[in-house]
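**Q** Spelled out from the first residue to the last, the chains are:
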Amino acid sequence: MSNPSFFNIVSAYKTLRSRGVLGINARNANYVLKYNPRSKYPLVDDKLKTKLLAEKHGVAVPRLYRQLYSEHNIATLEPLLKNLPGFVIKPAQGAGGDGILVIKSRIQDKFRKSNGKLIGFDEISHHCSNVLSGLFSLGGHPDVAMIEQLVVSTDLFMNVSYQGVPDIRVIVFKGYPIMAMLRLPTEHSNGKANLHQGAIGAAINISTGTTENGVWNNMPINEHPDTGNIISGIPIPNWEQILEMSARCYDFTDLGYLGVDIVIDKNEGPMMLELNARPGLNIQIANQCGLSKRLQCIEEETETRNTEQRIDFIIERFKPEKLS
Amino acid sequence: MISDQLHVWLIVLLLSLLGFGFTMYQIQVKNIPLNPTDTQEIWVIDTHITYEGRPGRPAKINLTLPEFDGPYRKINERFISNNYGIMQHEEEGQRKVVWSIRRPEGKQSLYYRATVKRSNEDKIKIGETYTPKSPFNNALEKLAAKALVEPIRDRSADIETFVSEMVKLLNQKNNNNAQLLLKSNYTQKNKALIASKLLTLVHIPAEIIHALPLVGGSNVLPSTWIRSFNGDKWLYFNPANGIEGLPSNLLPWWTGDEPVALIKGGRNTKVSFSVSKHEVNALDLVFIEEETLYSKFSLYNLPVQTQHVYQILLTIPVGVLVILFLRSFIGITTFGTFTPVLISLAFRETQLLWGIILFTVVTGVGLLLRTYLENLRLLLLPRLGVVLSFVVLIMLGITLISHPLGLERGLSVALFPMVILTMTIERMAILWEERGAAEASIASIGSLFAASLAYLSMLNTHIVYMMFTFPGLVLVIMAIMMAIGRYSGYKLSEIYRFKAFWSNADSQ
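Heads up: the sequence lines are chains A and B, in that order.
Counting in our numbering, the first sequence runs from 544 upward without gaps.
Counting in our numbering, the second sequence runs from 38 upward without gaps.
Okay, chain B solo, but in the shape it has when bound (with noise of 0.2 Å):
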């Protein structure tokens, strides 16, 4: 007893495991969104490098990728250049791809487009480009260097208060050291680089980075940033006033204080980045990104002929789970316990009202036809026959007189609902006979009320996604369907019907 309590509650537990875990991979990792309606913004860069070529000389193109491992990834890149060969490879851990060209003839045109979105969280790629060797080369500007980094030493604790002291010093006007170590060159990058070659100097690894802000325009310029790996991640310094943080919208491209693109047997290069911004459903970006495995065995890949099949099927376990709500916990009566289930599908045809309507007056027609042929004293199955083909009769008729009234809703009876609401009559014929009027009006009662309720929760455009985009979920219900297996409590009806007890009891 104890051990076949315990396995259910297992199967329940592993069935619920199984089909949240696979719902939250989804959802996770494969950032499908909870709503339909969802976007996502993001990003077209288009990095144009432009350049003339030298009359039968071959050129090469040299130009390094952006980072997607920060706080942008990426979802697809496109390199776009006439006749041209490409390849990519890795330097020093960045991304690089090389145009190469053999006779390059007048002005060159190369495209890299990059779209990307935002990400939550930061794959933390180790800094490992940094290389100590003594950075100053000039005894009088080490000694500057040293004059510089000393005091600063003493008032810092960490590397973010050593990092935004350095730049408030070095971007002090007045501060002679300062002033020999940048040359009077007060422009970001040189403050960037300077401020790079002192923290090697004082074995704190870090390196000059240039960032793409991803802000629309057609001529976006990167700006200049220092950057440093404190063990744990990437913190980012503003060279103009120290602040450490790297803004959300810029895009971490290329490290050195070389350009992003290096030209061999080119001349006039000009290389210039234009972004701009887009919107798009968040389910569809999933199925933009380059091709997976998930994405090849899905089911929005499949027809759309078959994806509304399934649409359909993969809220029938949301169905039935309602019926079985209603019975085991409320105790309505239904004929059986997959008729109203079906009965609801037959109304996605023709909607709610439309479809109770139907199903009242061509079962009341086809048991009003049952009860004449009774005193025929028909044998069982001719009898039913007849009225099953009476049924085909009266819907037809409905449509007939619906149709030139402009009713279109009389025409939606299809084929299904045809055969459900005939085999919904038998079922309640034969109740009718065994049971009597009352007891089949109070099962049709039911069974429409469970059907209306059932199809109210399967027709819910938002369950209908769920569903279908997580059909994970169908093991959660198998989970609770057993639950509710396991129930042993009473329904709310035989709270009524052993009203006797309680009543009595309260009394007493």
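The shape of chain A in the complex, shown without the other chains (with noise of 0.2 Å):
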């Protein structure tokens, strides 16, 4: 069946239908354009935007230093940096985790990046310059750079994650959290935690936050191809505080079929990171799980809920045993 012949693909297409499995096509007519009104794509496109947003609803998020609006402040930049020992430097309105530099530490006036490669301050201010000059943000228009709190990844996910930090992906619908993974960072995904980048994605129950087998570059896996350590059975610690961040970013944003990713700080617990529009469907490969049953599920509940009780609700509709 590796090599699908006509009549396999109509059955493989009868097949994705039954298990409901979301494409793009669905996903787009049926939830991004009716759940997600165009005028506040903004918040979530600009990050700088979102991250304000969010520190004003009382979403934790990574510490924002400063934010550089033109090429003359970078030179203002380097008595800032001096006195931090890690920061990330990301465009606001960059596209699947393109133009962001992590620096880890400082050897003298050098920069460790997150992959080891020291470079100077003249390095950082161009990086800098090629953000502001709209070279990563969707579009090529002029951007703003944030430089903002570098987080400390928690030791719980130290054996299956290859440099970088893991985060996790929420899929909230109209405020409830449907379905999660975790995205683990890999060398071929040059430590970033984006799926298409080549990281695992490890699925999540979403009722009881515990992960689950995943998938690396669209196929099933079960173990690190990096560090060999299985990725199931890892248990997120506050299961219960990162949905409910989830389920809290839809109250602010309005946007009814949201991404939410969150990282989670040695120190500081969960962290909002950004939020995604348009979420990508890798989710549902991760969790061996079609989208369209759950979104169905909520599209029909028609009682209305505050955050704590869509979260009691999630948590009770989707324990393991309920689920076939």
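I should point out that these hints are in silico values taken from the structure, not numbers from a laboratory.
Be a bit skeptical, because a hint or two may be false.
[Said to hold, decoys possible] Subject to a maximum C-alpha distance of 35 Å in a straight line, what follows is the list of computed DSBU-like cross-link-like pairs (lysine-lysine):
hint	chain 1	residue 1	chain 2	residue 2
1	B	K111	B	K97
2	B	K144	B	K97
3	B	K314	B	K144
4	B	K111	B	K226
5	B	K307	B	K133
6	B	K528	A	K577
7	A	K862	B	K528
8	B	K154	B	K307
9	A	K717	B	K536
10	B	K67	B	K111
11	B	K314	B	K226
12	B	K536	A	K862
13	B	K528	A	K836
14	B	K528	A	K717
15	B	K528	A	K583
16	A	K583	A	K599
17	A	K557	B	K528
18	B	K220	B	K307
19	B	K97	B	K234
20	B	K314	B	K111
21	A	K557	B	K536
22	A	K836	B	K536
23	B	K270	B	K307
24	A	K577	B	K536
25	B	K536	A	K583
26	A	K660	A	K647
[To be verified] Sample of chain B residues lacking proximity to chain A, with all beta carbon distances greater than 12 Å (derived):
hint	residue
27	Y121
28	L180
29	S255
30	H315
31	L390
32	I435
33	L490
[To be verified] Here's a subset of chain A near chain B, in silico, CB distances under 7 Å, partners left out:
hint	residue
34	L559
35	V564
36	N568
37	N573
Ideal Cβ placement from N, Cα and C applies to all residues, glycine included.
With the hints as a guide, bring the two chains together.
**A** Okay, structure coming up:
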């Protein structure tokens, strides 16, 4: 069945449908276009706006040290960066994790990147000017550079990730977190937690917060390709808090179909990293479960609930023993 | 949700109905051919009238014009004469033209030229010329007519059988009644005349009609027929054998036993018909015909330059449709949605193979330069500027090299493809920066593939002709696009992407 003929394609199509797998066309037509008002997109496409809004609504985010609006501000960075042990520079409107520069530590006047390479301030300033000129932004228009707190990954995932910081992707539909996965960086993904760049996506049971098997480059996997450790069975700490954070993001964005990215800091716990109005569909492969049935289940809910009630509903509704 | 769905499908239906409706109107009513090389037969009929004028006396020539509501349609007609007054009028359901002159001198020549084509439908003109009056004056003739008609009445079921029986009897040389009525004059015309009188006698509306056979020749002779209106259509009978049906090559011309042309104030009148057959392009024919509002507002009346532009513009929806199909159903990755269409437009000027080579070489070299510039840490915009200027130089180089080698294609690099190529390099460079070389190559191969398919469909002469001749099809394409817009099924690429779901299900 590895090389499907036409008839197999038809049967594969039917299998996907019966297992409730959500395709891009259906996601765009039935969810993104229907539940995400275009006018709210800037809230999530601009990470600076997202961050400020999240802070206002009590959702924990990495601290913002400074934002750069123009080329001549770059020089003023040097004294600030000297006093920081580590930091992250990212474009406010970057897409897919591009243009993010992670500095882990300082050695004299050099900066150590997450992959261990040493760079000087001139390279940092070149990176900032690339960000400002819009190299990483969608559509290439001028952007803002954000310098923010370096998230130190919790030790929990040390055995199942390669460099970088693993993050948690939660799909939130009408304020209900319905599916989640843990994204683990690999050598292949250059330490980035982005699935299409080669990171692993491990399913998280939405009710219990324990990891299950995952997906790597679209194929199921149960051990980390670099470390060889089993990725399933890891309990995520503060799971309910994570669910609540994600659910709260719906309240301040009004985006009905939302992808929420969360990291767990060693010292400060879960923090919301960014939001996505068109979250990818690989989470289904990671969970070995289609999104459609869960989406329909929420669409049928008519009762209005506050954030806590929605979390309770989800934990109860999607208990492992209740899912077939 | 359901009303949304309904709304879309209603618009889809409306657009397709409008589009198809307009196209069917053009095909059915305006006879615009579906194939640009379709030809249609036309006949040019010249009626030549000669006579000698009487010195000092005015002359008036009254010519009956043919009927164009039967199997033939008029494309145009001309009246050619020298110093004659011309007036057209209608008389007893027949169109007539009257030429008049005050002092005709010597031998005079008049021409009537009609250009006709075959038509599939009969525009039925109700037979109104029939006026029942006692057809035979002579008592003996009356008796003979009755004797001839009575036995047929018993043997026939309808007009068809009645007429054919009657004509058969008239043709029997040993039938005394027939002989008496025809006065032993067995010409076609006389037989037809007597037959129509007999029919009048039994209250079947009938008349004699002269029809011109449309066969090429310089002296074509009209033949005489009997026709009867059965309340629904004209029935034509051959007076020689009573067989019903007018041969398809006959053009019905004038009725009654008078000649086609009546001349007052002339002598030695002669009327001759000549017919010639031509094949013309069916599309040209539409515009040869007399100017109508439709042909006035046709795209074919625009200046050739503008027509050319619209030939390209009207195929763009087809190209976009191809791209939409590839993206929505197959799931091919391209640079944006419309860049492939623009690339395929560029291919129009370079041809496909050369276009692909040019595209690959120019973008390849452009990207190499970009990678080199990356090390110099230039700002984004100046760097793109350098790349774009370099692309111009690459294209100039290709042209300069290919010209002396006789590769004329190299010269076809026009301004338009140049702009599109440089735009593509910019997009590709950005994708390269954002997503890496692998995704940039997948997208560029996808774009090239989509552009080639779009190019092939947009350049197909039949599609170009269809879109340009029937612009209503754009509405149909819009309807298809809207329908695609409601497609929420999987793309082919997603079936592979979600392989884990079905290959797993298979083993379970």
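**Q** Hints first: check each against the structure and report whether it holds.
**A** Verification of the supplied hints:
Taking the CA atoms of B:K111 and B:K97, the gap is near 25 Å; set against the 35 Å cutoff, the hint holds. Between B:K144 and B:K97 the CA atoms are separated by roughly 14 Å; this keeps the pair inside 35 Å, and the hint holds. The suggested pairing of B:K314 with B:K144 holds, with an alpha-carbon distance near 29 Å, which does not exceed 35 Å. A distance of roughly 26 Å separates the Cα atoms of B:K111 and B:K226; the hinted pair therefore holds under the 35 Å criterion.
Simply put, B:K307 and B:K133 have alpha-carbon atoms about 18 Å apart, close enough for the 35 Å limit, and the pair holds. A hinted pair counts as satisfied when its Cα atoms are at most 35 Å apart, and B:K528 with A:K577 qualifies at roughly 20 Å. With a C-alpha separation of about 32 Å, the suggested pair A:K862 and B:K528 falls inside the 35 Å cut-off, and the hint holds. At most 35 Å may separate the alpha-carbon atoms for a hinted pair to count; B:K154 and B:K307 meet this at roughly 27 Å.
Taken as a hint, the A:K717 and B:K536 pair is honoured in the structure, with Cα atoms around 29 Å apart against an allowance of 35 Å. For the hint pairing B:K67 with B:K111, the CA-to-CA distance comes to about 14 Å; that is within 35 Å, so the pair holds. About 27 Å separates the Cα atoms of B:K314 and B:K226, which keeps this hinted pair within 35 Å; it holds. Of the supplied pair hints, the one linking B:K536 and A:K862 holds, its CA atoms being roughly 26 Å apart against a limit of 35 Å.
The straight-line distance between the Cα atoms of B:K528 and A:K836 is roughly 19 Å, inside the 35 Å bound, and the hint therefore holds. This hinted pair checks out: B:K528 and A:K717 have alpha carbons roughly 26 Å apart, not beyond 35 Å. Between B:K528 and A:K583 the alpha-carbon distance is near 28 Å, which keeps this suggested pair within the 35 Å criterion. Distance restraint check for A:K583 and A:K599: the Cα-Cα separation of roughly 17 Å lies within the 35 Å cut-off, and the hinted pair is therefore satisfied.
Taken as a hint, the A:K557 and B:K528 pair is honoured in the structure, with Cα atoms around 13 Å apart against an allowance of 35 Å. Only pairs whose Cα atoms come within 35 Å are accepted, and B:K220 paired with B:K307 is accepted, the gap being roughly 27 Å. In summary, the hint linking B:K97 to B:K234 is supported, as the alpha carbons are separated by about 30 Å, within the 35 Å threshold. Taking the CA atoms of B:K314 and B:K111, the gap is near 14 Å; set against the 35 Å cutoff, the hint holds.
Distance restraint check for A:K557 and B:K536: the Cα-Cα separation of roughly 12 Å lies within the 35 Å cut-off, and the hinted pair is therefore satisfied. Pair hint A:K836 plus B:K536 holds up; C-alpha atoms about 19 Å apart against a cutoff of 35 Å. For a cut-off of 35 Å, the pair hint linking B:K270 to B:K307 stands: about 34 Å separates their Cα positions. Using a Cα cut-off of 35 Å, the hinted pair A:K577 and B:K536 holds, with the two alpha carbons roughly 28 Å apart.
At roughly 34 Å between alpha-carbon atoms, B:K536 and A:K583 fall within 35 Å of each other, so this suggested pair holds. Distance check on the hinted pair: A:K660 and A:K647 sit about 10 Å apart at the alpha-carbon level, within 35 Å; holds. The Cβ of B:Y121 sits about 74 Å from the closest Cβ of chain A, beyond the 12 Å cut-off, so the non-interface label holds. Consistency note on B:L180: stated as away from chain A, and its beta-carbon is indeed over 12 Å from all of that chain's, at 85 Å minimum.
With a closest Cβ-Cβ approach of about 66 Å to chain A, B:S255 is found to remain outside the 12 Å limit, as its non-interface label requires. Every C-beta of chain A lies more than 12 Å from that of B:H315, the closest at about 52 Å, which supports listing it as non-interface. Every C-beta of chain A lies more than 12 Å from that of B:L390, the closest at about 30 Å, which supports listing it as non-interface. The non-interface label for B:I435 is consistent with chain A: the shortest C-beta to C-beta separation is roughly 28 Å, beyond 12 Å.
Under the 12 Å C-beta cut-off, the non-interface status given to B:L490 relative to chain A holds; the minimum distance is some 20 Å. At about 6 Å, the closest approach between the beta carbon of A:L559 and any beta carbon in chain B falls short of 7 Å, and the interface hint on this residue holds. Annotation: interface hint on A:V564 holds; nearest CB of chain B at approximately 5 Å, less than 7 Å. The interface hint given for A:N568 is met, as the beta carbon of that residue sits about 5 Å from the closest beta carbon of chain B, less than 7 Å.
Proximity of A:N573 to chain B holds as hinted, the smallest CB-CB distance being about 6 Å (cut-off 7 Å).
Of the hints listed earlier, there is not a single one the structure fails to meet.
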